[in-house]
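There are 2 protein chains.
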Amino acid sequence: MKIVTDIQQMQNYADRCREEKKVIGFVPTMGYLHPGHLSLIKIIRPQCDILVVSIFVNPTQFGPGEDLNTYPRDLKRDSDLCQKEGVDVIFHPSAQEMYPKPFYTFITVEKLSEIMCGRSRPGHFRGVTTVVAKLFNIVKPHLAIFGEKDFQQLQVLKQMVNNLNYDIKILNAPIVREDDGLALSSRNKYLKSHERMDALVLYRSLQLAKDRFTQGERNAGDIKREMEKLIKGIPSAKIDYIEIVNLETFEPVDFLSNDSLVALAVYIGQTRLIDNIVLKK
Amino acid sequence: MKIVTDIQQMQNYADRCREEKKVIGFVPTMGYLHPGHLSLIKIIRPQCDILVVSIFVNPTQFGPGEDLNTYPRDLKRDSDLCQKEGVDVIFHPSAQEMYPKPFYTFITVEKLSEIMCGRSRPGHFRGVTTVVAKLFNIVKPHLAIFGEKDFQQLQVLKQMVNNLNYDIKILNAPIVREDDGLALSSRNKYLKSHERMDALVLYRSLQLAKDRFTQGERNAGDIKREMEKLIKGIPSAKIDYIEIVNLETFEPVDFLSNDSLVALAVYIGQTRLIDNIVLKK
Numbered sequence: 002m003k004i005v006t007d008i009q010q011m012q013n014y015a016d017r018c019r020e021e022k023k024v025i026g027f028v029p030t031m032g033y034l035h036p037g038h039l040s041l042i043k044i045i046r047p048q049c050d051i052l053v054v055s056i057f058v059n060p061t062q063f064g065p066g067e068d069l070n071t072y073p074r075d076l077k078r079d080s081d082l083c084q085k086e087g088v089d090v091i092f093h094p095s096a097q098e099m100y101p102k103p104f105y106t107f108i109t110v111e112k113l114s115e116i117m118c119g120r121s122r123p124g125h126f127r128g129v130t131t132v133v134a135k136l137f138n139i140v141k142p143h144l145a146i147f148g149e150k151d152f153q154q155l156q157v158l159k160q161m162v163n164n165l166n167y168d169i170k171i172l173n174a175p176i177v178r179e180d181d182g183l184a185l186s187s188r189n190k191y192l193k194s195h196e197r198m199d200a201l202v203l204y205r206s207l208q209l210a211k212d213r214f215t216q217g218e219r220n221a222g223d224i225k226r227e228m229e230k231l232i233k234g235i236p237s238a239k240i241d242y243i244e245i246v247n248l249e250t251f252e253p254v255d256f257l258s259n260d261s262l263v264a265l266a267v268y269i270g271q272t273r274l275i276d277n278i279v280l281k282k
Numbered sequence: 002m003k004i005v006t007d008i009q010q011m012q013n014y015a016d017r018c019r020e021e022k023k024v025i026g027f028v029p030t031m032g033y034l035h036p037g038h039l040s041l042i043k044i045i046r047p048q049c050d051i052l053v054v055s056i057f058v059n060p061t062q063f064g065p066g067e068d069l070n071t072y073p074r075d076l077k078r079d080s081d082l083c084q085k086e087g088v089d090v091i092f093h094p095s096a097q098e099m100y101p102k103p104f105y106t107f108i109t110v111e112k113l114s115e116i117m118c119g120r121s122r123p124g125h126f127r128g129v130t131t132v133v134a135k136l137f138n139i140v141k142p143h144l145a146i147f148g149e150k151d152f153q154q155l156q157v158l159k160q161m162v163n164n165l166n167y168d169i170k171i172l173n174a175p176i177v178r179e180d181d182g183l184a185l186s187s188r189n190k191y192l193k194s195h196e197r198m199d200a201l202v203l204y205r206s207l208q209l210a211k212d213r214f215t216q217g218e219r220n221a222g223d224i225k226r227e228m229e230k231l232i233k234g235i236p237s238a239k240i241d242y243i244e245i246v247n248l249e250t251f252e253p254v255d256f257l258s259n260d261s262l263v264a265l266a267v268y269i270g271q272t273r274l275i276d277n278i279v280l281k282k
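Order-wise, the sequence lines are chains A and B.
The letter at position 30 of the first sequence is residue 31 when you use the working numbering, and the numbering goes up by one with no holes.
The letter at position 31 of the second sequence is residue 32 when you use the working numbering, and the numbering goes up by one with no holes.
Accuracy of the hints is not assured; some may be wrong.
Where chains are identical, the list cannot tell them apart; a pair therefore holds if satisfied intra-copy or between any two copies.
Straight-line alpha carbon distances no greater than 25 Å define the calculated DSS-like cross-link-like pairs of lysine-lysine that follow [said to hold, decoys possible]: (1) 193 <-> 281; (2) 85 <-> 150; (3) 170 <-> 102; (4) 190 <-> 102; (5) 102 <-> 22; (6) 281 <-> 190; (7) 170 <-> 281; (8) 102 <-> 159.
These are calculated hints, taken from the structure and not from any lab test.
Looking at chain A on its own, in the form it has when it is part of the complex (with noise of 0.2 Å):
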């Protein structure tokens, strides 16, 4: 396995990959690899000749006041971890060699992103499609994997590619949970001891929603205010926001009547967690 941190080298490696017809597979991710990410490798390494993982933490896809600076980081363990699973090359530049000045070239995807995670982190998804695109240029791949678990960067990225014609396929991997639920993040390593429980509330509420689905009911709304209400009975949790869209358009909906995604990011103390479930028609 080979780390390679400057771009012209990546490109000109992926330029002789398909010289000899091999099949780039491409999982890009912020490291601190966790099994949600390994689910990704695990899935995309018999689909192609070559596969690379970049790490990279991208500062576009920060705001002001988020964690860029404290996003954890350990490049020893996450190349042990690609190693084992068979990863042919690390992609892991500097954030000077991805961003040199002066940058002025952004990516957006209207609508898309414009609802849930992009109105409460405004700016987040330009920062994510455009560091993709970049990243797609730089490792040129036949194909790249994107996990659920981020189901709004999924479609806005999905939307990214077919408008802009990149010539790659793009899969995507069901979320990956700890046996009590709790969907996998680098970022539940912030949550203190007392707050991993109170983190399970996320996927609580969806799994009620779920099951008042499963009952029959079909009203947005109503499903809406029982997770709230369930929300709310832990006093370190604070909803960002809880949506129902349908799972095409990403347009909210009233009345369940076609496939639909429930998406919620909620506070636990200072820990910003988000998690989704597909209610299937």
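Given chain A, put chain B in place with the hints provided.
Chain B only, in chain A's frame:
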């Protein structure tokens, strides 16, 4: 020479060329080719194995009330010209092929696209950068060429290529002029016969700037005022802008201490024309 209208077919063709280690050169155009376009083709032809010319009148770079519908088109004539110049592929997609609904993704280059033509034509450069990024992802060229006639467009695109890490070398080609100095443009076709003479005032005002610079004048305001005075002597002419900017940063200058660009846009009757000259220190 082949004409390709399908995006996936163009991408597959580009992949095959790259597997065969062939260098792909690219000339993006809106068609209705004139000797200015042909000069781009002649410059890039010896530097590549496969030469692709795109012909696509891009709707997203026209503002409301602009000339999208009347913009001249003549594919038969264009293909004959391309054939003669040794072009390998014309990429000629429909607007529907390029902009299927929903289309939400746009690329913006801040600062550089906010002045001059960007101020007069809001959204114009966003349309240009977005379509060129799409075309880059479709044609997958190693090098591409743009004319200095649209100097601001050239700088905006170079910034985009740089910032988004497109692995593409950008060439620029000097302005091609009629014998009397008028810069070639597909829009010259709009000029009524009596306007054709008046249109020379753009070139003449740039020559005036150059002469004053050669004589030692360094005050940008004074040079602009002299140009303005000359242009205002032509009744059919209406100035959109006259700007003198630093060639690197594209910031307006008060004094010409480094290499500078003098650029202007002038309406001759209903027709908006642009032109520019570089003044080397």
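Going through the hints against the structure:
| no. | hint | in the structure |
| --- | --- | --- |
| 1 | 193 <-> 281 | neither (35 Å within a copy, 63 Å between copies) |
| 2 | 85 <-> 150 | within (24 Å within a copy, 55 Å between copies) |
| 3 | 170 <-> 102 | between (31 Å within a copy, 19 Å between copies) |
| 4 | 190 <-> 102 | neither (33 Å within a copy, 41 Å between copies) |
| 5 | 102 <-> 22 | neither (35 Å within a copy, 33 Å between copies) |
| 6 | 281 <-> 190 | neither (32 Å within a copy, 57 Å between copies) |
| 7 | 170 <-> 281 | within (24 Å within a copy, 48 Å between copies) |
| 8 | 102 <-> 159 | between (28 Å within a copy, 14 Å between copies) |
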